[in-house]
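Asks: Below are the chains, spelled out letter by letter.
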Amino acid sequence: MTEASSTPAASGRRPSQRTPSGPVRTAEQIVEIVSDSGEGAQKAGQSFAAICAQMGNGIWTVEIIPAEIKPPARSRAGASGIRVRFGSDRVTNMGDSADLVVAFNEQVLYGRISQDVYDEGLVILLENKWATDRREVVRREYAEALEDFDRRGYNVIGVPMEEECLKLTPTPRLGKNMFVLGMLSAIYTRDIDLALNEISRVFARKGPKVVELNQRLIRAGYDYAKENIDLSFEVLSAPREGKQVVMNGNQAAGLGVMASGMEMVAMYPITPATSISHYLAGVFPGVGGCVHQAEDEISAIGFAIGASYAGKTACTVTSGPGLALKTEFIGLAVMAEIPLVIILVQRGGPSTGLPTKVEQGELMPAIFGSPGDDPKIVFAPATIEECFHFVITARKLAETFRTPVVLLTDANLATGMQPFPRPEVKEEWLAPPIDQSPWDPEVPPYDWDEESGISPRPIPGQRGGEYVLTGLAHTRGGKVAYDPESNQTGCEMRSRKLAALRRTLKPPEVSGDPEGDLLIVGWGSTLGAIDEAVVRARSEGLRVASIHLRFLSPLEPGLDDIFARFTKVLVVEINYSDPHNAPYIDENTRRFSQLAKLIRIRTRYDVDCWSNVHGQPLSPGLVYGEIVRQIGALKGAER
Amino acid sequence: MIGVESDWSSEPPPRYFTLEDYEGGEARWCPGCGDLAVLTAVKRICRDEQLPPEKVVCVSGIGCSSRFPHYMKTYGFHGLHGRALPVACGVRSRRPDLHVWVATGDGDCCSIGAAHWIHAVRYNMNLTVMLFNNEIYGLTKKQTSPTTPQGFATNTHPLGAVLPPLKPVSATLGFTNVSFVAQTVDWNIAHLYATLKKAHEHKGLSFVHILQRCPTFTPGVFDDLQSDPERILLLEHENGIPIDPAVARLYPKKLVHDPLDSNMARILADRVEELPLGLLYCDPDRPGYEEFTGRGIGMGVGEKLEFLNRELDRFTI
Ligand SMILES: Cc1ncc(C[n+]2csc(CCOP(=O)(O)OP(=O)(O)O)c2C)c(N)n1
Ligand SMILES: [Mg+2]
Chain A
1 MTEASSTPAA
11 SGRRPSQRTP
21 SGPVRTAEQI
31 VEIVSDSGEG
41 AQKAGQSFAA
51 ICAQMGNGIW
61 TVEIIPAEIK
71 PPARSRAGAS
81 GIRVRFGSDR
91 VTNMGDSADL
101 VVAFNEQVLY
111 GRISQDVYDE
121 GLVILLENKW
131 ATDRREVVRR
141 EYAEALEDFD
151 RRGYNVIGVP
161 MEEECLKLTP
171 TPRLGKNMFV
181 LGMLSAIYTR
191 DIDLALNEIS
201 RVFARKGPKV
211 VELNQRLIRA
221 GYDYAKENID
231 LSFEVLSAPR
241 EGKQVVMNGN
251 QAAGLGVMAS
261 GMEMVAMYPI
271 TPATSISHYL
281 AGVFPGVGGC
291 VHQAEDEISA
301 IGFAIGASYA
311 GKTACTVTSG
321 PGLALKTEFI
331 GLAVMAEIPL
341 VIILVQRGGP
351 STGLPTKVEQ
361 GELMPAIFGS
371 PGDDPKIVFA
381 PATIEECFHF
391 VITARKLAET
401 FRTPVVLLTD
411 ANLATGMQPF
421 PRPEVKEEWL
431 APPIDQSPWD
441 PEVPPYDWDE
451 ESGISPRPIP
461 GQRGGEYVLT
471 GLAHTRGGKV
481 AYDPESNQTG
491 CEMRSRKLAA
501 LRRTLKPPEV
511 SGDPEGDLLI
521 VGWGSTLGAI
531 DEAVVRARSE
541 GLRVASIHLR
551 FLSPLEPGLD
561 DIFARFTKVL
571 VVEINYSDPH
581 NAPYIDENTR
591 RFSQLAKLIR
601 IRTRYDVDCW
611 SNVHGQPLSP
621 GLVYGEIVRQ
631 IGALKGAER
Chain B
1 MIGVESDWSS
11 EPPPRYFTLE
21 DYEGGEARWC
31 PGCGDLAVLT
41 AVKRICRDEQ
51 LPPEKVVCVS
61 GIGCSSRFPH
71 YMKTYGFHGL
81 HGRALPVACG
91 VRSRRPDLHV
101 WVATGDGDCC
111 SIGAAHWIHA
121 VRYNMNLTVM
131 LFNNEIYGLT
141 KKQTSPTTPQ
151 GFATNTHPLG
161 AVLPPLKPVS
171 ATLGFTNVSF
181 VAQTVDWNIA
191 HLYATLKKAH
201 EHKGLSFVHI
211 LQRCPTFTPG
221 VFDDLQSDPE
231 RILLLEHENG
241 IPIDPAVARL
251 YPKKLVHDPL
261 DSNMARILAD
271 RVEELPLGLL
281 YCDPDRPGYE
291 EFTGRGIGMG
301 VGEKLEFLNR
311 ELDRFTI
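Those protein sequences? They're chains A and B, same order as listed.
All the letters of the first sequence, read from the start, carry residue numbers 1 to 639 under the numbering used here.
All the letters of the second sequence, read from the start, carry residue numbers 1 to 317 under the numbering used here.
The hints are simulated quantities; they were obtained by calculation from the structure and are not laboratory data.
Note that the structure is a prediction, hence the values are computed from the model and not measured.
Wrong hints could be hidden among the right ones.
Think about it this way: if two alpha-carbon atoms lie no more than 30 Å apart in a straight line, the pair counts; the simulated DSSO-like pairs of lysine-lysine are [stated by the list, open to error]: (1) B:Lys142 with B:Lys43; (2) A:Lys226 with A:Lys43; (3) B:Lys142 with A:Lys479; (4) B:Lys73 with A:Lys479; (5) A:Lys396 with A:Lys426; (6) B:Lys142 with A:Lys396.
Make a model of the complete structure from these sequences and hints.
Replies: Have a look at this one:
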């Protein structure tokens with residue numbers, strides 16, 4: 001195909017119908033903007049997603065972030081950008097292959113092709129200035145790529161983005177993203193006024209001149225697409241109930257911190273957790289809060305613990321490598337019973353691993369990381385909405401159970417944007433003022449309730465409550481004790497807290513058939529992909545269901561009963577396990593994924609697992625494929 | 001304190017604290033350990049300043065000296081090796097009403113916790129930091145510390161510590177935003193008391209380097225300082241540590257040193273022939289991090305809810 005010609009998106013994978021002369025109606029679309037770093041693709045995509053959400057679509061975004069700040073231009077590994085999936089219904093995950101991608105050069109597309117996120121029929125709107133670049137090598141690379149894309153069955157539409165932008169600005173590299181936003185608005189029949197408003201909001205701080213220029217670029221892109229690109233889609237929206245908010249998981253967690261009444265977040269920068277503190281740093285003073293950037297992760301958690309000990313339950317945010325450093329302090333908080341909230345935004349490991357990519361590799365370290373027995377509460381939100389509400393719950397649990405609470409999110413939730421019902425802020429969410437009433441000196445500092453292990457906590461300033469908190473083994477009275485009985489008792493009391501909490505939890509809901517061939521068990525950010533795969537498999541007659549765990553320590557109750565109703569239980573997650581048929585691995589040496597290990601400890605079931613460490617959010621297609629394979633194997637074995 | 005005013009009136013405070021009110025568990029340091037003198041001095045200061053025990057928090061790391069909080073009947077936090085300072089800063093961050101004393105050893109502060117030492121000095125929060133320098137790891141039984149004298153035989157360097165010792169006072173004087181550095185010795189109780197009292201009064205982080213005897217593992221390392229008064233250089237100044245006449249009599253070598261003179265402070269700290277005793281540096285006007293961490297303390301619920309709603313509106317579509 002030639003560059004100038006344009007083809008309608010003939011993906012054919014989703015039912016779509018073209019109205020006589022209007023746009024093609026489709027239930028959903030997956031759009032990507034991919035560029036070199038620093039060209040504003042993410043900003044354009046986020047704005048586009050926000051506009052879709054404003055028009056009533058469900059959305060989910062995934063950011064494509066290279067590990068370097070400014071990787072060389074036109075490099076494959078430097079692909080930076082965003083995926084926006086939007087549809088008529090609620091969208092819960094990134095989906096499978098993209099429908100349309102806007103690319104600022106052809107090389108960054110290879111970065112994405114290597115992630116296996118494109119299929120035949122993909123439409124590419126490609127900056128075509130490279131065809132006439134003064135460097136021979138660039139012209140050659142571009143021509144070769146076009147031939148290759150053609151072979152792969154992609155439909156390329158060349159767009160002179162830079163040339164068009166040059167008509168409005170001498171620095172087109174900085175304006176192209178707005179031009180793209182305009183093009184997408186035209187192609188997807190978005191309300192242009194929404195785009196213009198969104199941009200005036202985003203750039204409000206930069207002044208009217210900047211806003212005006214960006215709005216002109218949007219219009220230029222819009223007009224260009226209307227005149228030159230013969231693509232037009234309509235993604236109808238479902239009526240929305242009540243007010244909705246749209247934000248990403250890290251913003252939701254940051255808002256949750258404020259709504260929980262916590263006033264201190266102590267942190268050390270680490271991707272992908274840092275943006276919680278970026279968000280909070282700007283707004284926290286509005287609720288009297290403070291972000292403390294410490295000299296390292298150890299100091300950050302120590303500072304938070306100091307504030308908590310003195311009566312203001314504090315929070316620390318981090319990712320895997322930071323968790324490793326905080327481990328000794330977490331153990332102290334468990335031992336000395338100090339409330340604390342740890343928001344752990346997981347990324348790829350081990351070691352520095354895949355800093356900008358997703359993995360669920362911190363489950364075991366979060367639950368079992370410290371030396372000795374360290375029972376603590378660990379739970380994981382599965383949606384953006386839960387990122388908000390769970391932080392509020394976390395503070396309450398930390399104070400009620402006088403213990404650290406770890407909230408496990410991940411890079412996928414951190415940057416994924418999704419609308420959810422606007423929370424109604426409640427006064428009871430906020431922490432009460434520090435108790436400074438006199439303490440009954442007859443009540444020891446660890447007056448453990450035999451059944452729950454819970455005890456009230458004297459706070460500095462409370463007359464009569466003076467005690468010395470220590471990480472050494474201690475008695476009910478808080479006195480250092482090395483005798484066998486005291487240590488045994490202390491461990492038992494702390495352990496009972498988890499048992500007490502577990503008694504208050506409900507068994508997970510089974511989504512899909514209440515019984516059947518295969519049960520998928522997941523946790524965290526993979527909820528949407530698993531659900532979607534299960535729905536698809538069930539629509540094809542497969543007897544499959546899923547459960548999604550929120551509480552991991554203590555583990556939710558009722559698992560044995562649910563497992564008993566299925567022929568096979570398969571844990572699906574994104575951390576490492578030896579694949580089933582891996583060479584040199586047999587059933588004795590096979591290592592399971594993390595939740596699978598946990599479930600194998602806590603239930604009577606020989607659960608299987610499927611996982612990968614590709615650094616990618618889980619896609620429904622992968623889960624669906626595994627469901628088909630697993631059920632096929634079960635049926636084969638039956639025969 | 002209870003007293004009668006010049007017009008014969010007297011208003012006894014509702015609570016009067018005696019030394020006993022600060023008396024914690026029985027101290028279990030070795031006989032002759034210098035830590036005891038420091039403990040006594042701090043209790044006396046609490047009593048003399050009439051600090052309500054519930055408003056005092058003693059924070060420490062791990063080590064013999066870090067047992068300090070257990071022997072006070074106040075609030076205490078005996079945490080992790082090397083990590084007293086982050087905890088102490090956290091305590092102060094939202095509780096400017098608490099008096100925070102930090103007990104830390106030479107291993108605790110200058111080795112495992114060295115990063116926090118630098119940064120806590122720079123944060124300059126209102127803490128009284130007591131570095132108990134016995135020039136050895138005590139609790140773990142005689143391993144080399146960063147301050148162990150070169151050539152001194154330890155269990156990890158039986159042929160003698162290899163490198164020249166780190167100088168805590170010189171180092172601290174080099175940290176940006178340092179606001180108070182003093183030096184004293186456990187065996188001169190009057191000077192120790194006066195120094196810690198001045199440190200407690202200082203607004204900001206006061207760093208007090210205390211040469212502390214360990215009769216068990218480093219007996220004799222301070223012998224010459226103890227036996228030869230000529231080895232001590234007593235710092236005097238109207239803004240310095242008030243000098244007890246007995247102390248003045250004991251140490252013949254004196255120097256008038258303005259605590260604002262940081263260049264002179266560095267020169268003095270590096271002196272090897274004699275040990276400067278007193279306030280080396282004090283600048284009461286250094287910025288303190290608490291002004292930042294404490295903003296918004298006590299904000300009302302109504303104001304918070306209003307802000308939260310406004311913030312949610314920003315995300316509402
Ligand atoms: C993480 C960690 N590493 C090592 C130790 C062992 N440890 C306890 S105290 C100490 C050294 C104490 O020396 P110092 O700080 O000088 O205090 P001192 O006992 O001399 O008063 C060490 C190495 C520990 N408790 N924790
Ligand atoms: Mg020592």
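Asks: Each hint needs a verdict: does it hold in this structure or not?
Replies: Quick rundown of the hints versus the structure:
1. B:Lys142 with B:Lys43: holds, 29 Å
2. A:Lys226 with A:Lys43: Since the Cα atoms of A:Lys226 and A:Lys43 sit roughly 22 Å apart, the hinted pair holds (cutoff 30 Å).
3. B:Lys142 with A:Lys479: Holds, at roughly 27 Å.
4. B:Lys73 with A:Lys479: Roughly 12 Å separates the two Cα atoms, so the pair holds.
5. A:Lys396 with A:Lys426: holds, 14 Å
6. B:Lys142 with A:Lys396: violated, 45 Å
The structure fails hint 6 only (numbered hints given earlier).
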